[in-house]
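A.B. asks: So you can see what is in the structure, the chains are spelled out below.
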Amino acid sequence: MPANPFFALDNVSKRYGGVHALRDVDFACARGSIHAVLGENGAGKSTLMKIMAGVVQPDEGRMTLDGAPVAFPNPAAANRAGIVCIFQELSLMPELTVADNITLSSPPRRLGLIDGRAQRRRSEELLARVGCEDINPWSRVADLPLSRRQMVEIAKALGRDPKLLILDEATSALTAADVDRVYRMLFDLKARGLSILYISHRMQEIEALADRCSVFRNGRHIETFDKGARTHDEIIGLMIGREIEGQFPPKPLRPRPQPLIAIKDLAWENRLNGVTLEAGRGEIVGLGGLDGQGQKELLLALFGVLRGVRGAVTLGGKPASATSPRAAKSGQAAMALIPEDRKSEGLILSMSIADNLSMASLGRLSRGPFIDPGRTRAAVARAIEQLRIKIGDPADPVSTLSGGNQQKVVIAKWLATGPDVILLNDPTRGIDVGTKQEIYRLMRELAEAGACMLFYSTDYEELIGCCDRVAVMYDGRIVRELEGEAINERNLIASALNIVEKREPAHAH
Amino acid sequence: MTSGAITTVPQRGFRLGPDDKPVLFAAGFVLLILLAGTGYTLFTQGNAPLLQPQYLLQQLQVGAFLGIVAAGLMVVILLGHIDLSVPWTLAAAAMMATAVGGPWAIPVGIGIGLAVGLVNGLGVAYLRVPSMIFTLGVNAVMRGLMVAHTGGFAPQTAATELMQYLAVARIGGVIPVALLVWAAVSVFVVVLLTRTTLGRSIYAIGNRERAAYLSGINTNAVILIGFALSGAAAGLAGVLLAGYSTKAYQGMGDAYLLPAIAAVVIGGTNILGGRGRYLGTLVGVILIVLLNSVLSIMQMPEAGRQIIYGVVIVAMLLVYGRGNRVTG
Amino acid sequence: MSDAALSPLVVEAPRTPKRGAGEWMLRIRHHAGFLGALALFVVLYLFYQASHPRGFTGQVLTQNANEVFALALIAMAQTVPVLMAGLDLSVGAVMTLVGCIASHLVNGGPGQIALGIATCIAAGAACGFVNGCVVVYGRIQPIIATLATSAIYMGLALILRPTPGGKVHEDLSWAVTSDVREFSATFGLFDDGEAAWLQPFAWIPVPLILLAIIIIVVWVPFTRSVTGRTVYAIGSSESAAYMSGLPINRAKLAAFTLAGLFAGLGGLFLALQTSSGNADIPQAGAYTLNSIAAVVIGGTSLLGGTGSAIGSVIGALVLRTISFNFRIFDVAPLMQPLFEGIVLLAAVSLGGFKMLRLKNKLEVFR
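Protein chains in written order, with our numbering: chain E, 1 to 509; chain L, 1 to 328; chain B, 1 to 366.
FYI, nobody ran anything at the bench for these hints, they're computed from the structure.
Warning: the hint list may mix true and false statements.
Unchecked claim - List of simulated lysine to any residue pairs, SDA-like, C-alpha gap at most 25 angstroms:
hint	chain 1	residue 1	chain 2	residue 2
1	E	Lys-296	E	Gly-450
2	B	Lys-361	E	Leu-144
3	E	Lys-296	B	Phe-365
4	E	Lys-296	B	Val-364
5	B	Lys-354	L	Leu-122
6	B	Lys-361	L	Leu-118
7	B	Lys-361	E	Thr-314
8	E	Lys-343	B	Leu-358
9	B	Lys-361	E	Glu-269
10	B	Lys-359	L	Leu-127
11	E	Lys-296	B	Arg-357
12	L	Lys-21	E	Asp-396
13	B	Lys-354	E	Ser-324
14	E	Lys-296	B	Lys-354
15	E	Lys-343	B	Phe-365
16	B	Lys-361	E	Tyr-474
17	E	Lys-264	B	Leu-358
18	B	Lys-361	E	Gly-292
19	E	Lys-163	E	Ala-322
20	E	Lys-296	B	Met-355
21	B	Lys-354	E	Ala-322
22	B	Lys-359	E	Ser-147
23	B	Lys-359	E	Arg-326
24	B	Lys-361	E	Asp-291
To be verified - Covered by chain L, according to a simulated footprint, are these stretches of chain E (three or more residues, beta-carbon under 8 angstroms):
hint	stretch
25	317-327
26	331-345
27	355-366
In this text, all values refer to a predicted model and were calculated from it rather than measured experimentally.
Ideal Cβ placement from N, Cα and C applies to all residues, glycine included.
Let the sequences and hints guide you as you build the complete structure.
C.D. replies: Dropping the structure here:
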């Protein structure tokens with residue numbers, strides 16, 4: 001416990017239905033410090049934040065601010081007390097202007113009405129504070145790229161004059177340059193005596209920023225320690241509650257297989273500028289590089305979602321160019337895409353687990369226009385068993401599952417189509433370590449069984465641990481292919497930044 | 001931060017599960033209407049027509065037209081859309097069916113409905129015009145076409161004998177044929193929604209079209225088919241209604257749109273799509289039909305009917321149709 | 001530190017529009033729908049005036065203004081819930097109900113008339129407030145809630161006016177449906193409207209002035225209030241608005257109340273214009289549906305978050321001007337509904353063709 005905590009939680013518990021999201025949590029944070037909160041998904045971090053920010057109310061326990069007891073019935077009350085949260089899922093109104101978004105909760109007024117000019121001045125000041133003078137306050141948020149929106153979100157939070165600033169994975173969508181600005185801003189705020197809570201899955205960020213760390217597991221506060229008191233491995237051990245061993249399955253050693261999918265000079269708009277890549281059965285080919293270099297677009301293009309794609313794709317030697325996901329999954333070589341966002345693209349949250357599992361393979365499970373109930377039941381049971389999805393009843397809505405199990409449903413639903421080529425778009429984002437390991441093992445098993453995989457990940461460790469080869473993308477092209485021992489962090493970062501040492505050719509095949 | 005996530009399972013078909021609150025409540029309310037109406041007639045006239053099978057069958061026969069419209073509309077509402085072109089699709093189908101006459105009358109009537117539905121579907125699915133406004137425009141065009149066609153007068157043509165048979169005849173003097181047509185449409189819709197890939201796709205699109213598309217469902221085609229079905233149902237209802245009144249007339253469909261929407265929603269179908277069971281719609285239609293007939297037995301003036309009608313819808317939805325509170 | 005994120009090597013050069021010229025481009029882009037509707041209206045109206053056999057006269061203008069007013073107000077009414085991504089299917093019924101009230105109360109001495117008008121305005125706002133309560137506290141979808149309340153309001157209107165009839169104060173009726181000169185003459189203002197300074201404005205129809213007053217006194221302040229901006233915010237993203245600590249319930253109640261107020265003002269004018277009240281169910285329905293059309297033509301998105309009531313007024317003008325043109329060109333009255341429908345369909349479909357050219361098909365599903 002810090003000597004004189006600024007904001008403290010005492011014995012706080014929160015239940016959702018029968019599930020304890022937080023159990024008897026004591027937690028405190030001090031002024032002038034950056035406090036990292038760590039934990040797996042479902043560890044209770046987001047519930048903790050939501051309670052502090054007034055989004056949900058605790059069932060038990062009390063909170064004190066500067067020693068005085070407080071309760072926040074809604075986010076507005078927490079804001080008034082100086083507690084401001086930057087959520088991972090954006091809290092911006094896309095159709096409104098940047099200025100409106102930044103100042104709306106307490107706009108400058110003249111004669112009771114919002115003063116447009118003052119609003120603009122204030123927005124410009126705040127944007128300047130986060131180093132984004134280039135954002136026009138009159139642009140609409142919807143017209144800004146994701147990384148800029150996140151900066152607007154941060155500027156908006158600063159505008160509330162926070163005493164306690166909570167950041168939940170706030171840098172996940174940012175460009176490197178912006179991350180840099182945010183770091184500087186956070187150090188500056190710390191120097192001014194703000195209390196900052198920082199939630200992140202990126203260990204490096206925490207090492208770079210935090211003064212203190214708190215680890216949560218299963219809704220309990222496990223331990224709080226000063227920076228440097230624990231090693232990386234110890235922290236992970238605390239998070240998952242057991243030693244991690246063999247995080248990645250071993251890679252088989254064998255010659256490169258015949259290409260199953262061959263991509264040549266694929267181009268689309270200005271996001272893909274001539275991608276050439278091959279992958280064969282049994283191979284896991286990683287797509288590396290910084291976020292937003294065309295990796296997602298490449299997967300979408302292959303899956304038939306993009307219009308106006310130029311270049312050639314061959315599957316098993318025959319030209320193939322899917323014009324829709326429907327065509328892609330039923331081509332000569334069946335494709336599957338595990339999409340980026342499981343909540344809006346992978347699953348239909350309000351429908352049942354069984355319905356979701358059979359969603360992509362309805363064609364195989366039906367006779368003529370009619371769904372075969374027996375075959376569907378069998379397929380659902382098989383999928384649940386194959387991926388060891390922990391569920392009560394297949395008729396429950398999929399939204400009742402944890403994030404990791406939801407992602408397993410997404411994967412299982414596509415495995416049921418018997419795909420030859422599996423496109424994975426950052427499938428382990430926001431998933432706990434245990435499920436991640438299961439997914440890595442499953443990927444290897446599928447590859448052994450003859451599937452060909454294109455695997456995009458923002459996590460270098462994953463690419464290093466899982467992939468037979470990694471193609472690093474930069475500005476819509478593949479700038480380098482790494483293989484075997486060459487897949488290491490140093491090479492990945494160097495290629496991602498497109499810094500190539502002169503002795504090596506740019507395209508190392 | 002699941003905004004407005006729905007937490008109930010979409011149960012379909014005739015299974016009775018824990019999520020049948022809307023259906024049970026609506027059915028309970030139907031009984032309540034019957035009891036109240038009977039009490040009223042016993043008190044004022046000393047008899048109980050509402051409990052006579054003959055009277056009930058008569059009411060259901062009239063309700064069949066509404067029931068068929070609601071069945072088609074439900075498919076569109078499940079998709080997360082709405083079909084406001086029902087009134088003049090129905091009228092156009094009736095007018096063209098009587099104008100053509102002969103053996104082709106019924107196919108032409110249903111075909112007109114189907115064609116209008118396809119136009120709606122093209123606009124909504126492919127051009128992505130909000131259905132609220134596109135079907136409104138199509139309704140205006142159909143009205144314009146019919147006014148131009150008939151000169152604004154009641155058409156002089158009469159319904160064919162087959163149309164009249166389907167609408168008014170009774171098998172064995174007891175079971176109305178119209179009721180059987182409604183039953184056939186109902187079975188078709190139930191099978192479609194619960195047993196086919198198309199039905200599953202309809203629910204999926206109504207919940208989250210993006211995920212359905214990425215699952216390899218041809219969402220545009222499904223929306224197109226949904227609107228075509230709604231149009232065809234309206235066309236069939238128009239053909240039957242023309243048979244019932246032996247002719248087509250201006251504005252004959254106007255009284256069907258809002259009650260049909262109300263029936264679907266009272267039956268527990270989410271107006272935003274993706275959730276709802278056909279059984280609910282069926283009960284919803286019966287509720288509205290009986291409510292109407294009790295009100296006419298009471299000789300309730302139009303004003304009172306309107307008010308009761310509105311209060312009933314609000315009351316039913318307050319009991320079970322409430323959305324989730326937004327908690328971010 | 002090995003973290004790539006801290007490396008200053010990759011500085012993305014953000015593309016931003018230049019200030020000044022860029023600013024204007026931004027504004028034009030944000031209001032593209034509105035400007036398109038305005039251009040359409042100007043072209044249609046100029047065409048109408050140019051082809052009018054009597055040319056441009058104040059009389060024709062006044063007549064047009066009278067025909068537009070009720071629809072313009074009811075379109076404004078519809079705009080407010082639509083901005084929140086809702087719909088108000090009761091605007092036509094509220095208009096009708098208030099019209100029926102007006103046909104009973106807006107008569108007699110000045111005091112009585114003033115009281116009657118105040119009652120009408122309050123009644124419209126009250127209807128809207130009830131809608132808001134059902135939506136906010138009953139948590140029922142606006143489209144269904146207002147479908148139900150519209151039946152109730154129509155029922156009340158039918159009780160007040162089982163058959164068309166009633167009477168409103170004749171002078172008042174004449175004054176608000178003519179031009180400024182007649183208005184002044186009726187009430188003996190400004191030397192009976194002959195004051196020299198008044199002459200440049202004497203030709204302006206009173207309904208247009210009333211419309212401008214309503215926009216300036218009610219709508220503009222509303223959009224610049226926190227409540228008004230919250231309405232936009234809710235339409236854009238309700239959960240984000242909640243997270244931002246905005247007053248959501250208050251904004252929803254205010255939005256429906258404002259819709260009722262506008263619809264009531266429309267009903268009041270309709271009663272003055274026709275000197276009677278008429279609980280006409282089909283007419284109420286037609287007004288409601290046309291209000292949606294006007295809102296969409298005026299550039300307000302049915303998905304919420306963007307648009308304005310001023311755009312909807314333009315949308316109403318477009319719809320009415322189309323009918324004016326029909327009159328001029330002697331389109332057979334029987335063909336008019338058809339053309340109206342086709343124009344409406346064409347107007348809403350135009351935007352749709354860009355969907356066929358979207359490069360990323362996922363953008364279709366918002």
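A.B. asks: All hints, please: hold or fail.
C.D. replies: Outcome of the hint check:
Between Lys-296 of chain E and Gly-450 of chain E the CA atoms are separated by roughly 24 angstroms; this keeps the pair inside 25 angstroms, and the hint holds. A distance of roughly 19 angstroms separates the Cα atoms of Lys-361 of chain B and Leu-144 of chain E; the hinted pair therefore holds under the 25 angstroms criterion. Taking the CA atoms of Lys-296 of chain E and Phe-365 of chain B, the gap is about 18 angstroms. The hint holds against a cut of 25 angstroms. Between Lys-296 of chain E and Val-364 of chain B the alpha-carbon distance is near 18 angstroms, which keeps this suggested pair within the 25 angstroms criterion.
A distance of roughly 14 angstroms separates the Cα atoms of Lys-354 of chain B and Leu-122 of chain L; the hinted pair therefore holds under the 25 angstroms criterion. This hinted pair checks out: Lys-361 of chain B and Leu-118 of chain L have alpha carbons roughly 22 angstroms apart, not beyond 25 angstroms. At roughly 22 angstroms between alpha-carbon atoms, Lys-361 of chain B and Thr-314 of chain E fall within 25 angstroms of each other, so this suggested pair holds. A distance of roughly 23 angstroms separates the Cα atoms of Lys-343 of chain E and Leu-358 of chain B; the hinted pair therefore holds under the 25 angstroms criterion.
Only pairs whose Cα atoms come within 25 angstroms are accepted, and Lys-361 of chain B paired with Glu-269 of chain E is accepted, the gap being roughly 13 angstroms. Of the pairs offered as hints, the one joining Lys-359 of chain B and Leu-127 of chain L holds, with about 15 angstroms between alpha carbons and a cut-off of 25 angstroms not exceeded. With a C-alpha separation of about 20 angstroms, the suggested pair Lys-296 of chain E and Arg-357 of chain B falls inside the 25 angstroms cut-off, and the hint holds. Among the hinted pairs, Lys-21 of chain L with Asp-396 of chain E is consistent with the structure: their alpha-carbon atoms are about 17 angstroms apart, no more than 25 angstroms.
A threshold of 25 angstroms between alpha carbons decides the hint, and for Lys-354 of chain B with Ser-324 of chain E the separation of about 18 angstroms falls inside it, so the pair holds. With a C-alpha separation of about 23 angstroms, the suggested pairing of Lys-296 of chain E with Lys-354 of chain B holds against the 25 angstroms cut-off. For the hint pairing Lys-343 of chain E with Phe-365 of chain B, the CA-to-CA distance comes to about 14 angstroms; that is within 25 angstroms, so the pair holds. Of the supplied pair hints, the one linking Lys-361 of chain B and Tyr-474 of chain E holds, its CA atoms being roughly 24 angstroms apart against a limit of 25 angstroms.
With a C-alpha separation of about 24 angstroms, the suggested pair Lys-264 of chain E and Leu-358 of chain B falls inside the 25 angstroms cut-off, and the hint holds. Our distance criterion of 25 angstroms between C-alpha atoms is met by Lys-361 of chain B and Gly-292 of chain E, whose separation comes to about 18 angstroms. Taken as a hint, the Lys-163 of chain E and Ala-322 of chain E pair is broken in the structure, with Cα atoms around 53 angstroms apart against an allowance of 25 angstroms. Between Lys-296 of chain E and Met-355 of chain B, the direct Cα distance comes to roughly 22 angstroms. Compliance with the 25 angstroms bound is thereby established for this hinted pair.
Proximity of Lys-354 of chain B to Ala-322 of chain E is assessed by CA-CA distance (about 22 angstroms); at most 25 angstroms being required, the pair is judged to hold. For the suggested pair Lys-359 of chain B and Ser-147 of chain E, the alpha carbons sit about 21 angstroms apart, so the restraint of at most 25 angstroms is met. Our distance criterion of 25 angstroms between C-alpha atoms is met by Lys-359 of chain B and Arg-326 of chain E, whose separation comes to about 17 angstroms. Simply put, Lys-361 of chain B and Asp-291 of chain E have alpha-carbon atoms about 21 angstroms apart, close enough for the 25 angstroms limit, and the pair holds.
As drawn, the stretch 317-327 of chain E meets chain L at 3 residues by the rule of a beta-carbon pair under 8 angstroms; at three or more, the given contact holds. Look at the stretch 331-345 of chain E against chain L: 5 of its residues bring a Cβ nearer than 8 angstroms to a Cβ of that chain, three or more, so the hint holds. Coverage of the stretch 355-366 of chain E by chain L holds. Counting CB-CB distances below 8 angstroms, 7 residues qualify, and the rule asks for three or more.
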